[in-house]
Amino acid sequence: MDLDKLSRRTVLKSAAATGLVTALGARAAHAQAPLVVGAIYVGPRDDFGYNQAHALGIAELKKVRGVKVVEEENVPETIAVQKTMESMIQLDGAKLIVATSFGYFDPHMLAMATKFPQVEFRHAVGLWDEKKHPKNAGSYFGYLDQAHYVNGVAAGLVTKTKKIGFIAAKPIPSLLRNINAVLVGARKNAPDATVTVIFTGDWSLPVREAEATNALIDAGCDVITCHVDSPKVVVQTAERRGAMVLGHNASQASLAPRGFVTGAEYKWETIYQGFAGNLAKGEKLPNWVRGGYDLDYVRNTAYGAAASEPARRAADAAIAEMKAGKPIFVGPFKDNKGTVVGTKTYDNYAPELEGMNYLIEGVVGSTS
Amino acid sequence: MDASQAAAPAPGGLVSAGAGARFRQAAEYIAIPLFALAVSAVLFSLFLLALGHSPDEFFSLLWRGGFGTAFSWRNTLQRAAPLVLTALAVAIPARIGLTIIGGEGAVVLGGLAAAAIAIPLAGTVPTLVLLGCMAILAASVGAGWIGLAGYLRHARNVNETISSLLLAYIAIAILNFTVEGPLRDPGSLNKPSTPPIGRENMLAPVPGLEVPWALVAGIAIAIGLHLLMSRTIFGFAARVTGGNPRAARAQGLPVGRLIVLCTAIAGACAGLAGFFEVAAIHGNANAALAAGYGYTGILVAFLARHNPIAVVPVAILFGGIAAAGGLIQRRMGLPDATVLLLQATVFVVLLASETLYGRLRIFKARTPA
Amino acid sequence: MSDIATLATVLFAMIGGAIRVSTPFLFVSLGECVTEKAGRINLGLEGTLVLGAMAAYMVAYETGDPWLGVLAAGCAGLILGVMHATLCSLPRVNDVAIGIALMSFGTGLAFFFGKPYIQPQAPRLPSVELGGWIGNAQLAEALTINPLFFIGVALAFFLRWAFDNTRYGLLLRMAGDSVAASRAMGVSVDGVRLAATAAGGFLSGIGGAFLSLYYPGSWNEALSSGQGLMAVALVIFARWDPQRCFYAAMLFGAAGALGPALQSVGIVKGYYFFNAAPYILTLLIMIGAGRDGKAARAMPSELGVQR
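Same order as they appear, the protein sequences are chains F, D and W. When the letters of the first sequence are read in order and numbered with the numbering used here, they come out as residues 3 to 370. When the letters of the second sequence are read in order and numbered with the numbering used here, they come out as residues 86 to 454. When the letters of the third sequence are read in order and numbered with the numbering used here, they come out as residues 21 to 327.
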């Protein structure tokens, strides 16, 4: 297991180090005109969630000397995003495009990467494949399931009903993985705990998210968490109902002074700072960037009022485990229909986990 | 509905005799919109000045982003393309007196149907045959969906405005269910989609011009529908029905059939918009098919006074403003909603300017024509 | 969970959902009902709802008083209503088209000025607890009701009565049914329609305030997701009867709660269709109730007349 990871990291490092001095690098080195980076968001930048987390990270890029960032928000996952990229390249002279939404990758970013081989494209979450995709494209991602696992560990020790509620947008692997990680974490100390999932069907539906929160609390869940673009409504509704809350994406601690336990947060700034470092030195950006607690790509929000002393201690221990690379998904395990889906223990970097299309035993919900 | 509806003059539907009068009327149809555009530019400049932004910079960016470079034109036309088709989906039923606001439903189901038929066919038939089958199926499914609203209107007296809107929401549920369930490509991980139709089968832009085929098709269909509505018995009967259904019935016109046909034509247009999204842009069906083109089309159609030809320039104006939006956001730090507000201002003023037609002295014949 | 407990959970969720979710639909459809009774269609109330939601949130946050926010939302809606009525009183200007353009205008204004208010937390409107004595937490929650709901319900029944029994109601209906008759009585049709559209805008703005200040109680750009447009359509479903607007809104709210409630008790297959339940149900009811022509007869005859 460790060997596996070791080799992957070595590959990553060497990829970055041997990176050719591309047109991109040469330009940054000469540093007459600033190097323009275009950042694209699917929602508003201050949504208390996904886009905000990215925008905070991008803010770090802006601090790099010789780098100029142009940003566009509320760009839908249609031809509009292709045109935004092209506009950033043609009219602003962008040399690096950072596309942050899941749906931007295929076909939009791939089409633009093919059309503009001299521009670098990086996408959050997408699965860049060396064999299939252009060399000037790439993807980066933080393994948020590690922070959700820590959430789960804390939740298992604070829940009284042993029922955790999860409001989810769509049944896609990166989201199912978070749900499953919460369950695994919770069962560490509460073996009979369950996670009940409600899929709302889209990334931002405030009324339905509030309805789902109420429905979960009414069904007996006393800890609520979510994976939607903007968790503000879920967190506020749960707080109002007196339930405990686990955050997602960015810090929502201020929204739930009574019920906040902890939250799973991306630390995109680590990744973006890495990119900035590459740019400043004139290196080629790595095509494939992945990491979790071990590389400081994710974190947990500072404990809130609802985090009991045992929960804090257990969560701290879980964070230490994650940093040490202890696997979350220990096999064999079944999905919630009784089929064995995990025959072995998966390393946290295992590519199989990025294709997770099931909910594991103990999760109440269906992927379709 | 009232008889005055049929009498409502439409641009292009000129009936006057003399060449001088014809010229003056044509001048009116150019001068008044230009005047309205100028007024909205002044209003918006005042708004920007009040907020401490430079109107000069704003409008030069608007020009540059929408029309100033070859890329900007491509961007504009690309954004206009689906709007021509979805606006036609509103304009045609409007001629028979129906307000259809659920074109979005036909867009998503048309796209879904096109992607679905490609699953068994892709790779087994030539590209042109595949695209032809996809287009025909998309248009048929769209026609059936909006035609259903027309049928319900005729057969069950269900108001078509509300039923088409409800059907749009139901269509989006069907799309999401299908792409995440029965037709999901197992390889589409974080973006549930149907299996790809294949890069080699996708529709490239018109060679040389880099204009999307959707726009070419939209213009051709707009011209065809204009001729259908103005030069054929069918069109005449439809307009009579739009003016006064009771009188039309009394005259023995097949009102029910006309209603269903007009709504079906509308649905076919919107369904084709869905086909082009799948065939030229996404290469599969996914949730992004519900991008709101159906709703934007309503505004375009009303602004074009439901004239199929006028739909084209209005859609291009709309596309241009949208295309410049990103540049304005990036360069001036203005919110993305700025262009929405500009569009709205332009449209409110343009619509209000309709009151000027026939009332300005300079466009009036000095002697009776 | 036993079957009865499951059923009770779903049922209580639907009651609660009907009360929580229905209020914005109710206010917008009442507003549109008043406007349409006077013979004008204002299709732009979606924009009014969104602008109202933003204005309410902004004012509530800046002043600390949510009720001032409600007032601000009403005033924002009123201004859009007056704009609509004034423009439509010009000859040859089409009310449906202006409505759609104002929908973009209201939404654009709200998004433009609303950016700085996505983050902050505005004070929330208070609520009345009616179910504390029952001893069932879920039912108690369902019966925790915002005063705006009561105002909306009272207004629905009042408007229904006022349309039939007051001078103003008569003037309003006359403007909607026959311009000629109104003119013969020496009534300014444009004046009546101005008042009706302004009132409609005011009510819709308040519907928006409910969204941002009570439930879900937050301002962001995805807040409405088309509720205003749907509420306008519901007026046709309700056959231009305020009382039926109330029933329609309740039905819509209850059906909307069905999707999340079923998933919370473990009925999870096909949630997209459960989530679409309000639309499917409304369509089925309309198909079932069709044919008899009641809807067509109830429609104010000046509606849809193109100018």
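Keep in mind that the hints were calculated from the coordinates and are not lab data. Keep in mind that a hint or two might mislead.
Quick look at which bits of chain W chain D covers, simulated, 3 or more residues with Cβ under 8 Å [unchecked claim]:
id: 1; region: 36-45
id: 2; region: 108-117
id: 3; region: 292-300
Straight-line Cα separation of at most 25 Å, DMTMM-like style, residue types lysine to aspartate or glutamate; simulated pairs [unchecked claim]:
id: 4; chain 1: W; residue 1: Lys289; chain 2: F; residue 2: Glu363
id: 5; chain 1: F; residue 1: Lys137; chain 2: D; residue 2: Glu285
id: 6; chain 1: F; residue 1: Lys64; chain 2: D; residue 2: Asp270
id: 7; chain 1: W; residue 1: Lys135; chain 2: W; residue 2: Glu82
id: 8; chain 1: F; residue 1: Lys133; chain 2: D; residue 2: Asp421
id: 9; chain 1: F; residue 1: Lys133; chain 2: D; residue 2: Asp270
Chain F residues, not near chain W, derived (Cβ > 10 Å throughout) [said to hold, decoys possible]:
id: 10; residue: Pro46
id: 11; residue: Arg67
id: 12; residue: Arg189
id: 13; residue: Ala192
id: 14; residue: Arg243
id: 15; residue: Pro312
From a predicted model like this one, the values you see are computed outputs, not experimental measurements. Positions of the beta carbon are idealized from the N, C-alpha and C atoms, including for glycine.
Quick rundown of the hints versus the structure:
{"no.": "1", "hint": "36-45", "verdict": "violated (count 0)"}
{"no.": "2", "hint": "108-117", "verdict": "holds (count 7)"}
{"no.": "3", "hint": "292-300", "verdict": "holds (count 6)"}
{"no.": "4", "hint": "W:Lys289 to F:Glu363", "verdict": "17 Å, holds"}
{"no.": "5", "hint": "F:Lys137 to D:Glu285", "verdict": "20 Å, holds"}
{"no.": "6", "hint": "F:Lys64 to D:Asp270", "verdict": "39 Å, violated"}
{"no.": "7", "hint": "W:Lys135 to W:Glu82", "verdict": "14 Å, holds"}
{"no.": "8", "hint": "F:Lys133 to D:Asp421", "verdict": "37 Å, violated"}
{"no.": "9", "hint": "F:Lys133 to D:Asp270", "verdict": "20 Å, holds"}
{"no.": "10", "hint": "Pro46", "verdict": "6 Å, violated"}
{"no.": "11", "hint": "Arg67", "verdict": "29 Å, holds"}
{"no.": "12", "hint": "Arg189", "verdict": "18 Å, holds"}
{"no.": "13", "hint": "Ala192", "verdict": "19 Å, holds"}
{"no.": "14", "hint": "Arg243", "verdict": "7 Å, violated"}
{"no.": "15", "hint": "Pro312", "verdict": "26 Å, holds"}
Going down the numbered hints, you'll see the structure goes against 1, 6, 8, 10 and 14, while the others check out.
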